[in-house]
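Q: Sequence:
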Amino acid sequence: MWEVHSNALCHTDIYTLSGQDPEGLFPSILGHEAGTEVESVGEGVVGLQPGDKVIPCYTPQCGEPDCIFCFPPRGKRTNLCPKIRGTQGGGVMPDGTSRFTDAEGKEIKHFMGCSTFSEYTVVADISCAKVSDSAPLDVCSLLGCGVSTGLGAVWNTLNVEGGSSVAVFGLGAVGLAVIQGSQMRGAARIFAIDTNPKKFEIAKELGATDCVNPKDYDKPIQQVLVGMTKWGIDYTFDCTGNTEVMRAALESAHRGWGESCVIGVAAAGKEISTRPFQLVTGRKWTGTAFGGFKGRSEVPPLIDAYEAGRLKLDHYITHRFQGVEGGQWGCRWMPKEQD
Numbered sequence: 063m064w065e066v067h068s069n070a071l072c073h074t075d076i077y078t079l080s081g082q083d084p085e086g087l088f089p090s091i092l093g094h095e096a097g098t099e100v101e102s103v104g105e106g107v108v109g110l111q112p113g114d115k116v117i118p119c120y121t122p123q124c125g126e127p128d129c130i131f132c133f134p135p136r137g138k139r140t141n142l143c144p145k146i147r148g149t150q151g152g153g154v155m156p157d158g159t160s161r162f163t164d165a166e167g168k169e170i171k172h173f174m175g176c177s178t179f180s181e182y183t184v185v186a187d188i189s190c191a192k193v194s195d196s197a198p199l200d201v202c203s204l205l206g207c208g209v210s211t212g213l214g215a216v217w218n219t220l221n222v223e224g225g226s227s228v229a230v231f232g233l234g235a236v237g238l239a240v241i242q243g244s245q246m247r248g249a250a251r252i253f254a255i256d257t258n259p260k261k262f263e264i265a266k267e268l269g270a271t272d273c274v275n276p277k278d279y280d281k282p283i284q285q286v287l288v289g290m291t292k293w294g295i296d297y298t299f300d301c302t303g304n305t306e307v308m309r310a311a312l313e314s315a316h317r318g319w320g321e322s323c324v325i326g327v328a329a330a331g332k333e334i335s336t337r338p339f340q341l342v343t344g345r346k347w348t349g350t351a352f353g354g355f356k357g358r359s360e361v362p363p364l365i366d367a368y369e370a371g372r373l374k375l376d377h378y379i380t381h382r383f384q385g386v387e388g389g390q391w392g393c394r395w396m397p398k399e400q401d
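Numbering (this note's numbering), first residue to last: 63 to 401.
It is possible that some hints are incorrect.
Derived Cβ-Cβ restraints for the label pairs, each shown as a range [claimed, not checked]:
1) Thr163 / Leu341: 47 to 55 Å
2) Gly344 / Lys168: 54 to 62 Å
3) His381 / Pro134: 36 to 44 Å
Hint data in this document are derived by calculation from the structure and do not stem from the laboratory.
Since the model is a prediction, treat every value here as computed from it, not as a measurement.
By construction, the Cβ of each residue, glycine as well, lies at the ideal position given by its N, Cα and C atoms.
Full structure from sequences and hints, please.
A: Listed below in structure tokens is the structure:
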């Protein structure tokens, strides 16, 4: 059992809370970006003890030798360990039961294997990234989803090269992390695309060289970007979850070698499409979950890099909410702020 010290808000929580997610399970305890401390461990748990600081991860890493998703050669390519996929998707622990009940003893579902919008939560040990004793737990909460996803999409999924061009569609935390990761990789030109110009200032501070508002043009944004670059952009990232934007990101990619990564999660039932010609002429379309990071082994080095001054993260904390009422207010405020 983990004591939750801090939470970050993610649009996935807000989307599920809205009731629009057809796969959402209720009643449940939401939350999946948190900084926590181990209060107690269950039977058979090794490598964790009371007092350890932990980042819960919604992507598990069983690390078992027979798991082709965890071990080389194929395991080097992915972080999608399926060990507890079935039970986690059903809102329960690996043993098929929930650790949460209401005052009347009725079951409450888990959420994404984390359920961190609570004072205490229970998480499978294979989903826990143990971090240093000195790690600040408010910053740790940033690495449970969005920021790690954006950085990893750049560093792991597309492996952006120095001197290249990058386009980022959507300037939430994920998109800003893509910009930051691209700047750290030495990208020469970084396009920040959003319909809210209020986000351009922070994008520029993180490394964006060109800020583009699609509303300023009377033609599709992909045509605008190709026109600005002649042949398109080396690496493009969709951070919106909008399938039309996903298409625009692909069609903005460079003829012959451009790569486009889908990061944003679309609503259930949505499909993506493009003309086959876009792929025949050398563009590649891919996606990423949690930026390709393996939670237990590859998230702790991120907080180490922060503590060593090599990775800046404080700018992602823009507002602070205290207690249950503050958290509820934050959940109501966030959708309005992003409009």
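Q: Hints first: check each against the structure and report whether it holds.
A: Comparing the hints with the structure gives:
1. Look at threonine 163 against leucine 341: about 50 Å separates their beta carbons, and that is inside 47 to 55 Å.
2. Taking the beta carbon of each, glycine 344 and lysine 168 are about 55 Å apart, inside 54 to 62 Å as hinted.
3. For the hinted restraint 36 to 44 Å between histidine 381 and proline 134, the CB-CB distance of approximately 42 Å keeps it satisfied.
In terms of the numbered hints stated before, the structure departs from none.
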